[in-house]
Amino acid sequence: MSISISRRSAFILAGVALLLAFIWVVARSGPLAPVRVTVAQVARADLAPLLFGIGVVEARRSYLVGPTTAGRVRRVAVDVGDRVQAGQLLAEMDPVDLDQRLAATSAAANRAQSAVDTAAAQLADSIARREVAAANARRYEDLGQKGFVSSSVTEGKAQELKSAAAQFASADAALAGARQDLARLNAERDGAQQQRSNLRLLAPADGVVTARDAEPGSTVVAGQAVLRLVAADSLWVKLRLDQNRSAGLQVGLPAEIALRSRPGQVLSGKVARIEMLSDSVTEERIAQVAFDTPPRDISVGEMSEITLRPPPVKQALTLPNAALRLRGGKTGVWVHLADKLGFVAVKAGTSGADGKVQILEGLKEGDAVIVHSERDLSEDSRIKVVSTLAPAGS
Amino acid sequence: MISLAGRDILHSWGKFVLTGMGLGLLIGATLTMAGVYRGMVDDAKVLLTSSGADIWVVQKDTQGPYAEASSIRDDAYRGVLGLPGVAQAANVTYLTMQVRHGARDERTMVVGFEPGQPGEPPNLLAGRRLLRGHFEAIADVKTGFRLGERISIRRHDYEVVGLTRRMVSTGGDPMVFIPLKDAQEAQFLKDNDAIISERARTATNPALNRPGVPGLLDAVNAAQTVNHSVNAVLVRVADGIPAEQVAQEIRRWKHLQAYTREQMEEILIVKLVATSAKQIGMFLAILTIVSAAIVAFIIYTMTLGKIREIAVLKLIGTRNRTIAGMILQQALGLGLIGFVVGKLSATLWGPAFPKYVLLEPGDAVRALVIIMVVCALASTLAIRAALRVDPATAIGG
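First to last, the protein sequences are chains A and B.
Quick note: the first sequence, position 59, residue 58 per numbering that gives the first Met the number 0, numbers continuous.
Quick note: the second sequence, position 293, residue 292 per numbering that gives the first Met the number 0, numbers continuous.
Here are a few chain A residues that sit away from chain B, every Cβ distance over 10 Å (derived from the structure): (1) T104; (2) T117; (3) A163; (4) A165; (5) R183.
Under the rule of at most 25 Å between Cα atoms (straight-line distance), these lysine-lysine pairs were calculated in the BS3-like manner: (6) K161/A <-> K145/A; (7) K237/A <-> K269/A; (8) K156/A <-> K145/A; (9) K59/B <-> K253/B; (10) K189/B <-> K237/A; (11) K44/B <-> K329/A.
Simulated from the structure, these hints should not be mistaken for lab results.
Every residue gets a Cβ at the ideal spot worked out from N, C-alpha and C, and that includes glycine.
Chain A extracted, bound-state conformation (with noise of 0.2 Å):
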């Protein structure tokens, strides 16, 4: 009997073994078992806001350099990566006829010279002419009065002075016409010559050559681009920052540039212009990011990773992000209040760049608020607290 006694307790301590690790599984896991959180506490803290967008290295100032008359490309003098100097020749086009149009002209003007010298000669032999008739007029005057000579005679005179002055008048205009020939001319020939200057495209300012779009022999139309040239000393990173997180931005605010050529190196710089019109497709705000030491060997049209940092918000109720949750198209947290949960709608402010949120309104200091949970929670789930719920290791 004693063997039955030990047999049978052994088999009920087996029996209530397998129920309670039955009845702790099954409270342990699946819907019943209680949901772990992590917990924490709304503190004051200062918070230090972050905005942060991409921009791509461009040049503030760049020019396109081309012809401002379709043509063909000569001559081609420098290449991309040339630094150039303002007013250095960069290329220069065909000229076609213009050398010869040139020359014509002003053979035409030496021909017009020549004109408005034989105006003036005849000019001056009417003068001789002139004096001529006006003495011989007036001393065949005295002889008639004296009734030397008939009056006929006389009044013969006195018609070849008139005819004389005549002359000498048609001689001078013949002058003026010249001269006015002669400048038309000068002018003709200057024309030419600055159009011929034109042909050869010179650098506006100071840069480097970014592309080279045509090649001698080609043509272009008038406005297209032969060259273009970026000043060097002038780049500075376009920052796209998406528009519902872009409070705060404000010239002059300390950027910090990553360039993707340069991996965990960090440069500084500033806002330099922030720009009115906003991308309405992209919802994007853009603004400038000048370098504060422009780097050496930098890329125009790079990638950038900017982070900008507005000033601190001082004391401020501070809560961790993770804690707001959207519920029935309200934000709020789970407050934990004597082991009761429940849902309060906060108004959420600035994001910090710890991953804290500044709570405007709804909370005050001291509230435990649940911040991470393995499930979604509701009023009457039943909660465990617990210090992380991460996997070991992360």
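We have chain A already, so just place chain B on it with the hints.
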């Protein structure tokens, strides 16, 4: 009055318990199979719940974004937002892709969402929500990513800043949440070689690269590289307004397809997981029948093994009722041990499965009832055999 069943069990309790445990493991396998099926359906539901949407707006005549490909313009949400009854509307992209993490690849569903809008993960397991507009990610803990690690999606690296739990696609792939703009780029941006050959292809097309029209080629290239598409718009309906009413407005006036939560659940559960669910359901049915048969046979053979003792009992004048009671009690006891061991084992090995296994208490209760009924039925077979025993066999051969 002493319990005949109890005494008999005590007599060979090791054998009894071992039989019960063997049976339990079989029941455990059946319960797990039910859990796999429930998990599959739950994956689909949790996908819908976690998105926080009441209406899914997708490309016309598609069943996107989960069951079918859908692509709509990313400014379509503005028109939806203007409809009466719409409280929130946000773009979202879904893309199943490999995410590089060190040397290995992880198959994930990359979700592009806008912070503070539907589509954002509702609760975190660790870490924080996204702070920067680019290059930060929240990953499901099943990906194996840890906080602070860097992962590569297409050409950019992302820092894991938060972890979630039970955020999976219908295929069970864990989700990685990244900002919408990055996700759009990841989804539609081709690799560099493809971009360059595309540009060359455009340049050789005389219609797009005409002499005398400078800038045309650049304009065409620029137009080809931008893509303003998303997979769906998630809509949250204002309180007190029926979702179907808003969905009808969207279908009628926006020329887009709109699904309410019920319709989406129907698409996911009836259409997307239907075949695999039926497959598992079939298997579950067979497993249940096999388990019932095995329980019946075990009890039957257990009784046959004690046929001599039963004959002795009959010889000393034990009533049939007492003998039947003994066999029934043993069968039920066996079933009970089997159920407890089965539930225990299923719970223990369930989390080790790669996909989610949901063990519902309702299923457990149903299983218990079925086991007890099967045991009771099986014992009738054994009882019939026991009652037909000739008491003479106790002294005879």
